[in-house]
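K.L.:
Here are the chains, one letter per residue:
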Amino acid sequence: MNRVARRRFVRNPHAVLGASLLLLLFLLAFAGPFLTHWSHTDIDYTALRQPPSVEHWFGTNSIGQDLYAQVLRGLQKSLLIGLLVALFATVLASFAGACAGYFGGWADRLTTLLIDLLLVFPAFLIIAIVSPRLRSASWLVLVGLLAAFGWMLTARVVRSMTRSLKERDFVRAARLMGVHPLRIVVRHILPNVASFLIVDATIAVGGAVMSETGLSYFGFGVQPPDVSLGTLIADGTGAAVTYPWMFFFAAGLLVVFVLAVNFLGDGLRDALDPTSDRARGRRTKRAPGRRERAARRPSHPVEQGHPAPEGTAGA
Amino acid sequence: MTAPRTAPDGGRSATAPPGIAAPATPRTDAVLRIRDLHVEFDGPRGPAPAVRGVDLTLHRGEVLGLVGESGSGKSTVALAAIGLLPDTARVAGSITIAGTDVVGADDATLSGLRGRRVGMVFQDPLSALTPVHRVGDQIAEAIRTHHDVPRAHARRRAVELLDLVGIPDPATRAAAYPHEFSGGMRQRALIAMAIANEPDVLLADEPTTALDVTVQAQVLDVLRTAQRATGAALLLVSHDLGVIAGTADRVAVMYAGRVVESGPATALFAAPRMPYTMGLLGAVPRLDAPVDAAAAAPGAKEPAHGDTAPTSDRATAPGPRTPLIPIPGTPPEPHDLPTGCAFAPRCPLADDACRAAEPALLSVGTEEPGRHHAACRHADRIVERGLTATDVYPLPDPPASSAPAPDRDTLPPVLKVTGLTKTFPVRKGSVVKRRVGSVHAVNGVELDLGRGETLGLVGESGSGKSTTLMEILGLTAPEGGTVEVLGRDTRTLDRAARRQLRGTVQMVFQDPLSSLDPRLPVGEIITEPLRAQGVDRARAAARIPELLRLVGLSPDHADRYPHAFSGGQRQRIGIARALSVRPQLLVLDEPVSALDVSVQAGILNLLTALRAELGLSYLFVSHDLSVVRHIADRVSVMYLGRTVEHGPVAEVFGAPRHPYTRALLSAVPLPDPVRERGRERILLAGDPPSPTRPTTGCGFRGRCPRYAAMSPTHGADRRSRCERETPALTAPGPGRAAAACHFAGPP
Amino acid sequence: MIAHLSKRLGYYALLLALAVVISYVLSSLALSPRGYFEGRQPPPPPEAIDTQLTALGINDRTPLWERFGNWLGHALHGDLGRTLDSSDVGTEFGRRIGVSLRLLLAGTLLGTVGGVLLGTWGAVRQYRFSDRAVTLFAFLLLSTPTFLLAVLLKVGAIRTNQAVGHELITFTGEKTPGLTGSLPTLFGDRAVHLLLPTLAIALGTAAAYSRYQRGTMLDVLGSDFLRTARAKGLRRRTAVLRHGLRTALVPMSTFFAYGFLTLFTGAAFTEKVFGWHGMGAWFVDAVGKGDINSVVAVNVFAAVMVLLAGFLADVLHAALDPRVRTS
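For the protein sequence lines, the chains are E, Z and V, in the order given. Its first residue numbered 1, the first sequence is counted upward by one per residue in the working numbering. Its first residue numbered 1, the second sequence is counted upward by one per residue in the working numbering. Its first residue numbered 1, the third sequence is counted upward by one per residue in the working numbering.
Misleading hints may appear alongside valid ones.
Each computed DSS-like pair below joins lysine-lysine, with the alpha-carbon atoms no more than 30 Å apart [as the list claims (entries may be wrong)]:
no.: 1; chain 1: V; residue 1: Lys7; chain 2: E; residue 2: Lys166
no.: 2; chain 1: V; residue 1: Lys289; chain 2: V; residue 2: Lys272
no.: 3; chain 1: V; residue 1: Lys7; chain 2: V; residue 2: Lys175
no.: 4; chain 1: V; residue 1: Lys175; chain 2: V; residue 2: Lys272
no.: 5; chain 1: E; residue 1: Lys166; chain 2: Z; residue 2: Lys416
Just so you know, the hints here were simulated from the structure itself, not pulled from any lab data.
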């Protein structure tokens, strides 16, 4: 991030708020468990459905488990899942999109077919179908599944950005000099879509956590005895009115986490994209990438369980 | 319009500050009055003043030209006058239009003024019309906003206006959407919209900058017609001195947010009194400056030149071409203005007094006191001693030997292209894409470039210049015709040979910013061709300082990124990159068209010097005929994918034989009001046609004045020849220029 | 023209065929309807289960390709098979789509219109307090998963009911079972049941649309043509509405197309939380039970809707934008 971008970032209250919140949440998730002697599997038979107290900071659930330990454990898991999914999906998307966009021809056609096919299947439905088979498997399989269904829209944007970058003079210049195509992709294309990828990956963390909690809510996601924010919220829903602590701690942390990620992503976008403050001052030339962004989803689709609004099968 | 005009208070003009505000004879019909205008924006690095104390007065029926380079604040003045600056702008001072205050007025007052008292034409016609509404409706809307007339009435009036601005078949075209109009037609529609309510003031902000030169000539013509028809005052904002010279009665030159010189157009162009204006005029390559008197072909009319042309005395001298006058340095950043005269850091005459305080705009000259003003402490000295640009600016040394090899026939050409063709498929449809035809982007291009020569490739947009370049630089077998680089046919090249040849042909791009990867430091950018040729990192890096020095940059700049440089410096980086592999042929695609005149001169001089020093050959593509005339030895004119005329510059420009070349040359505005207004102009009808359909016969005949002049009865057989037979390039003799016209020759 | 239209349809057909095969194979491999029957109380004899599974065409002891061929043969004749409860999948479809439509229509419409208006307003007032407030609220809603929002609304309703002392807001199912009375009474009962789900959907939809619309609107607000419109004397508001909003809606057509067609595929979370038996709930329950025929049917239906939405988006785009239409 260069100086101008850094200054824009620090001046953006949303971005700073998001970054600080995220830092705090990470601290809480990974340092917080050391502050209590309860682990998330311990059962305190003397305290069933107890409200928050000195002994159990977030109260206990119906079988006497310490909710503080459980919520932090769930937060850890959700954070890890979100980060890993975003990382894998973004790496996959950038390479698939850049290669399809740069090389065109069959590479492009195959990638486009794959993207369209995966978009035709609502990811949620596929993961739900497959999940019963994964009861015994590690949560990493869930990460893989979420990443496998989370890269297409990003890849599509990277593809179209690559296609417009390919027409830019500096890429044309490299081509005319005889620079190897793969080198052009790595040296010229990817660095120039990097700011989009950073922003997208940030927001994808939030999207992945939302997908995970949604799946876990129906029992399709993280499986017991492991916990995530999603399973905790699902378990606590029935008691939301009578024993609110069993629901609201997990729910609150989830919302705060996703909100922080969205704020951070929005702030990064403003800081990294020089066209974003176009409307603030004097008018500048339109840069490529602006239109692509207009076609982006926000952090989650209009209604979960459905593909984000985005052109499909646009061949 | 018969609405009574409220006369602006007469008392103010008496107390007005000096400047063009105070004409010699007091006139009371001022329709636009700008007093001490200040505009400031919030830049990323603090407040950035864009306009700093501008006074202008515009009278009914008068044309005021506002000239300046990018960032001088000229467009900001125009936007402030119509009250359309962004909300973030801070405006101080006063602007009155027909007696109504603009500064500080609310939206209701301004809306009543805009479109009714003041109309505006913007720079980019392609984006200035709402894409989803019909053109006629948009014009009718301008009428209905101010007059309570029935829709049908406004529509009829819109058609009349379209007719007035020269849109053929206006009734049908009124129902079209903006994207169905060409750029020139859109600009005409915008002029129609601006004059729909017969305003008192017409503002035109770079109205022809985005247009081709033949279309520019048409649009300027329409603008003048519209201005005369409505009797409005016209404020013409432009960076193009030629455009201003042909249209403006009075001229104001802006620099760093201030008017630095103003006066009647003839006086100002003939005898500029402020060093910046002098430099600006000296930096422009002149189409009317003879290149090489000896080479003028027989029959060519010796261009008449007056004493006023600043370059004429030297240009007639034989020998190597005279360099242009570059103004050193770059304009100051608005947030970082020097104390004192803003031009002082670049001015050879500047002394300590200049750097201490900003000079006022004061009357200079004696012939018409109070008419000509300049903001320069040395203006009087300039007048007294009759200093010209060459006296003020140190002229760079002419290159040691730039004369091309005399016997070009004995040496193998660096580049030879014959009969080049290239077609692209055309796909249409939104829901369903289908191939509907082919674009014959290039359809018969002939190029011939000898060692040490510069070949200018000239044509308007869509003429196939860029496609030609890409076909040459691809170094692969062309679709049709042959390309020979350094004597090697590209059809016969294998991989290794092609790679080796790439090192000898390099390219410089039009947009210096987009041709440099923003994410790489300059050192890596300029050595990329070397690395692509397989030179290792260390040896490539060792060449960086030398290359940077070669193009006039400091070797310390190697670690910086492209955005840290100005436009001219970026173009120097692009040239350094091209030179890194020691090429023999440099292909330059509009290398100076994105630059301001004063910067452009420096680049052109650099290119001339490099050519002499390194023995390079240039293929120089440009839409600007003045630049080509200045730098090229030979020229090739393209129209609709085809070479229509080529040969030595002096012959082609001095005595063009193809009617298109003639029209093109006559459309280029000269930065000389007397000559620009006095000469005969050939206005071509319509726009360059789309190359989608292959035409039979001559592609130019739809716009050809010669063809149009042939009588359908008596000249029927001549006409039919143009219609049936594609003209071949023929020259009147060996070594002479060739033209592709059945009836080539002087008119 | 026709050749190219058919090429496009051919591509869709290819995608759909792949979707059908993959859906069927995945569902058959992953789901276990046998387990569902075995788990019944009292457990039926294994032979009975086998017979039942074979009758439904989902017996895992029949080779997969044979089951698929059988299913495909029927499906091509319009018979999508039977659910685990032996009711016709096609009939179930009709019922479920109706439920989902009744659930989603009001909320989606409200959310779309509201979101577009809020986005436009926010863009026009960029960085002012109102824009920041709308942005903050949208972000908050976008960071709240639908099921969480639905549960929160439900908790709020229960609290309200407790405070009032009687059931003011009912939120389970489509209507009060067994309620009889005049038409207005029945209609009113349905309206009260719709209140919370509509709110949940409208809020989420509006939040998303407001962000899209704000973005496209900001692009348009800096445009040259809006400046031209004001230069001819249009008031700021008129120029923004007549020239800006109209143009900014063009890129929104994609979202409208998807928003409309997802009405038919239902909303799993909202349906489950509020006890509506629509498409989404059907799918979740079917996966839980291992009801292969239903799962495949819903999956394929969703794929068709996505493809249709893509097509509709193009048509809408052409309808809104003359540049696309006349080229």
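K.L.:
A separate judgement is required for each hint: does it hold in the structure or not?
P.N.:
Here is how each hint holds up against the structure:
1. As the CA atoms of Lys7(V) and Lys166(E) are separated by approximately 28 Å, the hinted pair is consistent with the 30 Å bound.
2. With a C-alpha separation of about 15 Å, the suggested pairing of Lys289(V) with Lys272(V) holds against the 30 Å cut-off.
3. For the hint pairing Lys7(V) with Lys175(V), the CA-to-CA distance comes to about 47 Å; that exceeds 30 Å, so the pair is violated.
4. A threshold of 30 Å between alpha carbons decides the hint, and for Lys175(V) with Lys272(V) the separation of about 15 Å falls inside it, so the pair holds.
5. Distance check on the hinted pair: Lys166(E) and Lys416(Z) sit about 28 Å apart at the alpha-carbon level, within 30 Å; holds.
Going through the hint list in order, the structure does not satisfy hint 3, though it satisfies all others.
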